[in-house]
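Residue strings, one per chain:
Number of protein chains: 2
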Amino acid sequence: MKKVIVFGAGLSATYLIHYLEQNASALEIELHVVDLNEDLLNEKCSSDKTMKHVQSIKNVEFVQDLVKGAALVVSLLPASLHLQIAQICLKTGVHLATASYLSEEMKALNLQVEEENLIFLNECGLDPGIDHMSAMKLLNEIRAEGGKILEFESFTGGLVAPDCEDNPWRYKFTWNPRNVVLAAQGGAVRFIHNGNYKYIPYHRVFRRTEIVEIEGYGKFEGYANRDSLKYRETYGLEDVQTMYRGTFRRPGFSRAWNCFVMLGATDDSYEMEQSEIMSYRDFINSFLPYHPSDSVELKLRQYLNIFQDDVDLWEKLEYFDIFSHKKIGLKNASPAQILQKILQEKWSLSDDDRDMIVMWHKVVYELKGEKKCKESSLVTEGKDRSETAMARTVGTPLGIACKLILQGKIDQRGCILPITEDFYQPILAELESWDINFKEKELSI
Amino acid sequence: MKKVIVFGAGLSATYLIHYLEQNASALEIELHVVDLNEDLLNEKCSSDKTMKHVQSIKNVEFVQDLVKGAALVVSLLPASLHLQIAQICLKTGVHLATASYLSEEMKALNLQVEEENLIFLNECGLDPGIDHMSAMKLLNEIRAEGGKILEFESFTGGLVAPDCEDNPWRYKFTWNPRNVVLAAQGGAVRFIHNGNYKYIPYHRVFRRTEIVEIEGYGKFEGYANRDSLKYRETYGLEDVQTMYRGTFRRPGFSRAWNCFVMLGATDDSYEMEQSEIMSYRDFINSFLPYHPSDSVELKLRQYLNIFQDDVDLWEKLEYFDIFSHKKIGLKNASPAQILQKILQEKWSLSDDDRDMIVMWHKVVYELKGEKKCKESSLVTEGKDRSETAMARTVGTPLGIACKLILQGKIDQRGCILPITEDFYQPILAELESWDINFKEKELSI
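Chains A and B, in that order, give the protein sequences. Numbering (our numbering) for the first sequence: 1 to 445. Numbering (our numbering) for the second sequence: 1 to 445.
Just so you know, the hints here were simulated from the structure itself, not pulled from any lab data. Careful: at least some of the hints might be erroneous.
Note: identical chains are not told apart, hence a pair may lie in one copy or across any two.
[Claimed, not checked] With a Cα cut of at most 27 Å, we get these calculated DSSO-like pairs of lysine-lysine:
{"no.": "1", "residue 1": "K91", "residue 2": "K346"}
{"no.": "2", "residue 1": "K403", "residue 2": "K3"}
{"no.": "3", "residue 1": "K230", "residue 2": "K331"}
{"no.": "4", "residue 1": "K299", "residue 2": "K362"}
{"no.": "5", "residue 1": "K2", "residue 2": "K316"}
All chains should be modelled from the sequences, with the hints used to inform the complete structure.
Dropping the structure here:
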């Protein structure tokens, strides 16, 4: 029996643990799951054979003892804790897999990992993860035909299923709300468009969107991710003329969201005075010029240039009761923390809500002197509030990758991403049985 | 003879050294000036008796030997180097004076400085410096009458003299250009207006200005400083309903400057790709959406909503040749560095140019049940490009403060600001002979 250890039984662990339990006997593994929260462990582990450990990873001795002799470790802990696990894996000679971004610190271990003949797999969830795999499949197919890639665009969105879009934003939080509030912050957006490097400051990102239609699901709106150029070399697109990666929302979302950005309500860099006794209305007013008699509503319209007949936008803002006298009740909170609280009241999934993942790639290429265009898209919906499409699309690819590693089907060593055929072919193929299907289509240009 | 040591012979040292040399025999001082640059030392020191030291303050032994036994040290070095000097002063029991902001590190020495019976005077230049002194004089006069302060506003601007306002911005760099490009960055602006805390994000600061008229000099436009509340306790204004501190420019400046802010051209957080071979036009275009045929001019108008007949604004932008094919020629430069280079070409003082300092305070107060208002304003012009009003208003108050310390007229000890009568009365009185005069006037309300 090979020992496999999963650290963390949170949101993204649901499907991963389920997958490993299903495949446990075929793979001859003894599964161990470690989390501080006993209830989570009991909820997520359904097999009697799975060993549950209520433990903190701060208990280094426990972690070392457990990892020693294991065949594979999976870390679903917060990304900042991966390195500690990685170092123990390196010392004890155990493969490691995560769904998180490959950090600089992790990258720095690459040579050592190679020397120890180990696999440290990163970015093998949804985004990052399935985005890499489906993009590389599409790009490599075109290259195999002899095509030269000219443009590459890619968007992903974690949204709600169409029949659950029961608010004016057609959006709810399906993952970490804080990431949504802070989206696009922390530096200018960079991308390349027709050979020109382009930069967008934060306060303009949500006004530079692109509309994309996906058959059967209508229109989506994409805003740019921070660094679209990050994977240029990874994808072998050094000479590409356009490279743009972004996030999907429903049309109209970004323009309304930009109202919060323009106010400064998404700022996480300072604490507001008296935030505890402030009302929602006070919160909005604190970003508006003082006036002895004008209402907050009027000042907001005037400040942000929102016309009386711009009903769609106004309805979105009003939906959060931002003009009400409800108390915020958060001590020493930043604008972003307050906004998150206001949004969570309305944007939380109800018991009947189901989420939806949408991913879309577009490639323009040249084949035998002719310019061509291909799209690849994925739409998949969640089952309910706990068996979400997000958890499935994050956990399942990682589970399949674990299987491939345990079966010895991966020859690469070092700190790697799932961008090669040995990963993406079997993973994308098996994902189809999990209702994760890409549709490719050729477009006229 | 008392030894007085000045570290740094840069811009703000001109008048300080001059003042100390003039008063050297009356004060019985032996003046030492230390700078790395021999030419600067020769240029700034005009008395034979002044001892010039071409030395780096990194030479700790030299600094310690020189400071030992001195009566007073003045640091005009970059603010980050004050602490090193301060620690040597503390160890050797010597008073210290600077024109820089009182840093947290300096503040932390307060108890030790008090215990050693020393004065470490900070913020005794123009802004900070004269602003504190003139504000405290105005506020304390009102308090002495029995008035209760309700509102306090204060603006300062380093500008050019009216007859040198020969460009559409009516502005040139008269001090550190980098600070102008980065103005208002680094966190939201905070102030209080009629009892309401107000916050403005960076991209809105230059659109929330106030117009102020100063007799004989016309109108000025003020935008808010980062933290208007910083001196609330210092000034004894804990209960004030409105407190707002800002920077003066000529009307129309801020709206045009905001175009650069909206583009993202003032961002100093990343390096632009290929900045060396980029033209001014490419620089502007990199912030605008791609279009196969529209001109950069048209895209800029459309992006920033600049109407064809908004001639004043457009003239300001065109003034910098931003649509030209001139090369930038800066390697790995941030947008802010590139913008600074573009601006410096046009906004540098010519030989005949003279600068101008404008300061203005407004206080609303209640006296015997009646609401009243007082303004205090200063306008002073420079003599030429080297004897600037900026250098005079920074160096002279510090020089006078040195005299007061050397004469033993200051009883306070510790890390202090010149906000008490023992400083501001004699300093403001003597500044009048340096053409630094405040005019107070009562306004009807």
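*Same-copy or cross-copy closeness of K91 to K346 [CA-CA at most 27 Å]*: neither (47 Å within a copy, 61 Å between copies)
*Tell me, please, which holds for K230 and K331 at an alpha-carbon limit of 27 Å: within, between, both or neither?*
between (38 Å within a copy, 21 Å between copies)
*For the identical chains here, do K299 and K362 meet the 27 Å Cα criterion within one copy, between copies, both, or neither?*
between (42 Å within a copy, 26 Å between copies)
*Go through the copies and call it for K2 and K316: within, between, both or neither, with a Cα cutoff of 27 Å.*
neither (53 Å within a copy, 71 Å between copies)
*Given a CA cutoff of 27 Å, do K403 and K3 count as a within-copy pair, a between-copy pair, both, or neither?*
For K403 and K3, only the intra-copy Cα distance (13 Å) is at most 27 Å; the inter-copy one is 79 Å.
Of the numbered hints given earlier, the model fails hints 1, 5; all others are met.
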